[in-house]
Structures are given as C-alpha cells and as structure tokens.
Amino acid sequence: NSNVGEGTKFPHLSYIGDSDVGSGVNIGCGTITVNYDGKVKHRTTIGDGAFVGCNSNLVAPVAVGNYSEVGGGSTI
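If you want the numbering used here, it's the 1-based position in the sequence shown plus 202.
Please keep in mind that the hints were generated in silico from the structure rather than gathered at the bench. Treat the hints loosely; a few may be bogus.
Unchecked claim - Computed beta-carbon distance windows for the label pairs:
| id | residue 1 | residue 2 | range |
| --- | --- | --- | --- |
| 1 | G207 | N257 | 17 to 25 Å |
| 2 | P213 | K241 | 27 to 35 Å |
| 3 | K211 | S276 | 12 to 20 Å |
| 4 | G240 | Y269 | 16 to 24 Å |
| 5 | C256 | E208 | 31 to 39 Å |
| 6 | G209 | K241 | 16 to 24 Å |
| 7 | K241 | E271 | 26 to 34 Å |
| 8 | L215 | P263 | 21 to 29 Å |
| 9 | G240 | E208 | 30 to 38 Å |
| 10 | N203 | S270 | 18 to 26 Å |
| 11 | T277 | D222 | 31 to 39 Å |
| 12 | H214 | V261 | 18 to 26 Å |
| 13 | G240 | N268 | 28 to 36 Å |
| 14 | E208 | K241 | 29 to 37 Å |
All figures in this text were calculated on a predicted structure; none of them were measured in a lab. The beta carbon of each residue, even a glycine, is placed where N, CA and C say it ideally should be.
My request is simple: use the sequences and hints to build the entire structure.
This is how it looks when you write it as structure tokens:
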C-alpha cells in the first residue's frame, strides 16, 4: 500500500509498507518502514531526492523531508 515516485530505488531486503515515497529517492538495502504499532497502521512519508542509508528503521508516523539524508543504521 505504498506510492513510489519516478526514479526511486530501493534494493533487496527492504520493506517499504504504507509509505508515500517521492521521486529520485535512494533507499539503502535492509531499510524498513515500521508501519504497525500493534493496533493501528501508520504511514511514512519520504520526500523527493532523499537518501536513506542501509539498515535504517523509519518508525511511522514519520516524515523525511525533501533532499534529506538519513545515516545508515539509524532508527527514526
């Protein structure tokens, strides 16, 4: 249940669920969007041109801004 913009890349071992991902985004391998808190599913938003490093966890609800960088191994 995700929307992914043109030119966005996310490789193997990534889970991008319930997310709105902009154009030209680069998501590193092993990155996941944590969309479920045990009761409700939440959405993650990743803006245009953003970079998310390998093995990162984006815990929804969360927004990564346009052209932002998330360091590898981060939990946001």
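Hint numbers not upheld by this structure, sorted from lowest to highest: Result: hints 4, 5, 6 and 11 break, sorted rising.
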